[in-house]
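Undergrad: Sequence:
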Amino acid sequence: MQLDSATSLIQAAKNLMNAVVLTVKASYVASTKYQKVYGTAAVNSPVVSWRMKAPEKKPLVKREKPEECQTRVRRGSQKKHISPVQALSEFKAMDSF
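In the numbering used here, the protein residues as written are 6 to 102.
Quick caveat, the hints were computed from the structure, so don't treat them as lab data. If you're wondering where the values come from, they're calculated on a predicted model, not measured in any experiment. We treat Cβ as the ideally placed atom computed from N, Cα and C, and that holds for glycine. Some clues are possibly wrong.
[Unchecked claim] Straight-line C-alpha distance at most 25 angstroms; calculated SDA-like pairs for lysine to any residue:
# : residue 1 : residue 2
1 : 62        : 22
2 : 30        : 20
3 : 19        : 29
4 : 67        : 10
5 : 19        : 85
6 : 38        : 28
7 : 62        : 16
8 : 63        : 22
[Claimed, not checked] FRET-style restraints, in silico, Cβ to Cβ:
#  : residue 1 : residue 2 : range
9  : 38        : 14        : 30 to 38 angstroms
10 : 35        : 7         : 16 to 24 angstroms
11 : 90        : 67        : 55 to 63 angstroms
12 : 9         : 68        : 30 to 38 angstroms
13 : 10        : 38        : 27 to 35 angstroms
14 : 15        : 37        : 30 to 38 angstroms
15 : 9         : 67        : 42 to 50 angstroms
16 : 67        : 27        : 16 to 24 angstroms
17 : 38        : 9         : 55 to 63 angstroms
Please put together the full structure from these sequences, using the hints given.
TA: Pasting the structure below:
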């Protein structure tokens, strides 16, 4: 149930961002189509003045690279090498109790 609500929130955010992008594009086109007339008609000049191109769309959710998804394998602590004779002597010591 939580996954459905999360995906619906993501979809709603995408729809909202698309609406914002379309509105900004429309205002950009509208502001660049009107020619500025200096003098008495300066009051009717567009409110927004675009001096650079519109930014590119970026993804709403960043996708993880497959290399980053995997966990790193860490080295374990080094094992102590015990000679077989020493291991057997430990068992013999336990038997004597």
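Undergrad: Evaluate each hint against the coordinates.
TA: Results of checking the hints against the structure:
1. Distance hint between residue 62 and residue 22 is fulfilled; the C-alpha atoms sit about 10 angstroms from each other, no more than 25 angstroms.
2. Taking the CA atoms of residue 30 and residue 20, the gap is about 15 angstroms. The hint holds against a cut of 25 angstroms.
3. For the given pair, residue 19 sits about 15 angstroms from residue 29 by alpha-carbon distance, which is consistent with the 25 angstroms threshold.
4. Among the hinted pairs, residue 67 with residue 10 is consistent with the structure: their alpha-carbon atoms are about 19 angstroms apart, no more than 25 angstroms.
5. This hinted pair does not check out: residue 19 and residue 85 have alpha carbons roughly 56 angstroms apart, beyond 25 angstroms.
6. Simply put, residue 38 and residue 28 have alpha-carbon atoms about 15 angstroms apart, close enough for the 25 angstroms limit, and the pair holds.
7. In summary, the hint linking residue 62 to residue 16 is supported, as the alpha carbons are separated by about 16 angstroms, within the 25 angstroms threshold.
8. At most 25 angstroms may separate the alpha-carbon atoms for a hinted pair to count; residue 63 and residue 22 meet this at roughly 10 angstroms.
9. For residue 38 and residue 14, the Cβ-Cβ distance of about 36 angstroms falls inside the hinted range of 30 to 38 angstroms, so the restraint holds.
10. Our hint of 16 to 24 angstroms for residue 35 and residue 7 is violated, since their Cβ atoms are close to 42 angstroms apart.
11. Hint check: residue 90 to residue 67, Cβ distance near 58 angstroms, so the stated range 55 to 63 angstroms holds.
12. One distance hint, 30 to 38 angstroms for the beta-carbon pair residue 9 and residue 68, is violated here, with the actual separation near 21 angstroms.
13. Separation of residue 10 from residue 38 is about 42 angstroms and departs from the stated range, judged on CB atoms against 27 to 35 angstroms.
14. Residue 15 and residue 37 have their C-beta atoms about 33 angstroms apart, which keeps the hinted 30 to 38 angstroms range intact.
15. Judged by the Cβ atoms, the range 42 to 50 angstroms given for residue 9 and residue 67 is violated: they are separated by roughly 22 angstroms.
16. Between residue 67 and residue 27, the C-beta spacing of about 23 angstroms keeps the proposed range 16 to 24 angstroms intact.
17. Between residue 38 and residue 9 the CB atoms are about 43 angstroms apart, so this pair departs from the stated range of 55 to 63 angstroms.
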